[in-house]
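There are 2 protein chains.
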Amino acid sequence: MRSHILGRIELDQDRLKQDLDYLATVPTVEEEYNEFSNGFWKNIPLYNATGGSEDRLYRDLDGAAAQPTGHAAHVPYLNEIITTVYNVDRLQMARTRNLKNAIVIPHRDFVELDREVDLYFRTFMVLEDSPLAFHSDDDTVIHMRPGEIWFLDAAAVHSAVNFSDFSRQSLCVDLAFDGDFDEKEAFADATVYAPGGTPDIPHRKPFTAEHRERILSLANVIERENFRDVLFLLAKLHFTYDVHPADTYDWLIGISKRAGDDKMVEKAEQIKGFAIGARELGERFSLTTW
Amino acid sequence: MRSHILGRIELDQDRLKQDLDYLATVPTVEEEYNEFSNGFWKNIPLYNATGGSEDRLYRDLDGAAAQPTGHAAHVPYLNEIITTVYNVDRLQMARTRNLKNAIVIPHRDFVELDREVDLYFRTFMVLEDSPLAFHSDDDTVIHMRPGEIWFLDAAAVHSAVNFSDFSRQSLCVDLAFDGDFDEKEAFADATVYAPGGTPDIPHRKPFTAEHRERILSLANVIERENFRDVLFLLAKLHFTYDVHPADTYDWLIGISKRAGDDKMVEKAEQIKGFAIGARELGERFSLTTW
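These protein sequence lines map, in sequence, to chains W and S. Oh and the first sequence: position 238 is 238 in the UniProt record's numbering, straight run, nothing missing. Oh and the second sequence: position 157 is 157 in the UniProt record's numbering, straight run, nothing missing.
Hints are computed from structural coordinates only; laboratory data are not their basis. Just to be clear, a hint being listed does not mean it is correct.
[What the hints assert, rightly or not] With a straight-line cut-off of 27 Å between C-alpha atoms, the simulated DSS-like cross-links for lysine-lysine are:
| id | chain 1 | residue 1 | chain 2 | residue 2 |
| --- | --- | --- | --- | --- |
| 1 | S | K272 | S | K257 |
| 2 | S | K263 | W | K205 |
| 3 | S | K272 | W | K205 |
| 4 | W | K272 | W | K205 |
| 5 | W | K272 | W | K257 |
| 6 | W | K263 | S | K205 |
| 7 | W | K257 | S | K205 |
| 8 | S | K205 | S | K272 |
[As the list claims (entries may be wrong)] In silico negatives: residues of chain S with every beta carbon more than 12 Å from chain W:
| id | residue |
| --- | --- |
| 9 | G52 |
| 10 | D189 |
| 11 | G196 |
| 12 | T198 |
All C-beta atoms in this analysis are idealised placements derived from N, C-alpha and C, irrespective of residue type, glycine included.
Please work from the sequences and hints to get the whole structure.
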């Protein structure tokens, strides 16, 4: 994987708690990208293109400054972190993200945007320890620890899950550059940049041909009405078995073929293209319309 | 089934649309009973025990009057329906409920409350036609049509689903009585009470022993991490196959036994008891803590 630890900050638990308490009171809304998620996924924009507290769509700012939303003033500690730790000149979007009993299925980001994907620089910091919450990036699964600032390679096939009800609030700060850059330029506070930390990489069970065969036996039960459920079930497997997240889609295609439903095969191939191939800005996808 | 059509009103589409537009702007929050649902389930209280706009917990009023919430004034047409069609003296709670790409798993209501279940009288009216949205009640699946006022036998094993993204906004008016009553007492407007309407009962495919065996083959793929997903997948089957909703739980128990995981068997038996057996007021249940 290309994702890696950029540095680490010591979180002030008392100040953090006040911000977390505010975030918990913000109602959940339907997400811009809710094709990708299942369960409780709550994104709260703190800085974005418009300053709108409900504007959750990531888009290129083209040199304009990111605007604080109405939420930013209610999370003074996180606001301080954003504006003192990170290089706000490069800031595109800052938001808190929480997952509970939920998965964001394997996908690639930025494919619908204009820049070379390598000019987008997504950082991610977990604010609370949630032992059953994981990220994946290509061949690796990560358990992020609070205070670790990660470069998240959102242009790779990646996914996130929280198998539990335990809150996993986090701060996602998106930066973008116009040309070649050094990743230390992501930070205003140069003392924070200390790459090379050893990540917590959970052990995954071996994935065998026999297990693959068991998975393909889902052809026995897949139907159009549960197609989406099967996808989300498959998407979780790579977090506990040593297999690539993109295999999710190949299993779904294989299961659909065994089930002998051409429409299902077509939709499985479409969702693969949409999630990890190319898609247009604002393009939506239905897993349930046939 | 004991659920049946109580009557029908002609909905004023222009006035309704304004109310629906308001309801669409109300953010979704975590639901009191979110163990039961998956996907988009949005309940907005219009009348309840406290008048609190965020108070979604159904409880006995013990003779006190239900209070309008802050939302009631924003839906003047629905408010007029509630206060002129129904017997507000018996009103316990009135709320709008919407499901999209979501299921509420088979369960029984009122089991945690004090009265004889037959003294609770839940009415339900769909406000929009959503062709892939269904209710179930014991042995029957129903496609409700807009304007039909249903007695919903919430004390029976029942479930609801919307297989599509199409909005299925509805008005759920809960009444309660202190002793024997005639169901026409549910209405202030006696002209609305016109039982005996023929419901739209969709055809379901036969459920065979061979299909049951295929379902039990989910033992090949069930794991603690996808236990909840398997439950929700199973819960959908009775909407398209002619089988009782409670079988959902017996399949889950059977699959868990075949998988040979005693903890899973225990949890499957617990969720069965919680959903369709007895539970305490405010009792919660985790499908993901092991």
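A quick look at each hint next to the structure:
1. About 15 Å separates the Cα atoms of K272(S) and K257(S), which keeps this hinted pair within 27 Å; it holds.
2. Between K263(S) and K205(W) the alpha-carbon distance is near 20 Å, which keeps this suggested pair within the 27 Å criterion.
3. Distance restraint check for K272(S) and K205(W): the Cα-Cα separation of roughly 31 Å exceeds the 27 Å cut-off, and the hinted pair is therefore not satisfied.
4. For the hint pairing K272(W) with K205(W), the CA-to-CA distance comes to about 25 Å; that is within 27 Å, so the pair holds.
5. Pair hint K272(W) plus K257(W) holds up; C-alpha atoms about 15 Å apart against a cutoff of 27 Å.
6. For the given pair, K263(W) sits about 20 Å from K205(S) by alpha-carbon distance, which is consistent with the 27 Å threshold.
7. A hinted pair counts as satisfied when its Cα atoms are at most 27 Å apart, and K257(W) with K205(S) qualifies at roughly 22 Å.
8. At roughly 25 Å between alpha-carbon atoms, K205(S) and K272(S) fall within 27 Å of each other, so this suggested pair holds.
9. Taking the minimum C-beta to C-beta distance to chain W, about 14 Å, the non-interface status of G52(S) holds against the 12 Å cut.
10. Residue placement check: D189(S) keeps its beta carbon more than 12 Å from all beta carbons of chain W (closest about 35 Å).
11. No beta-carbon of chain W is positioned within 12 Å of the beta-carbon of G196(S); the least distance is around 32 Å.
12. With a least CB separation of 26 Å from chain W, T198(S) remains clear of the 12 Å interface cut-off, as annotated.
Hint check: a violation occurs at hint 3 only; the rest are consistent with the structure.
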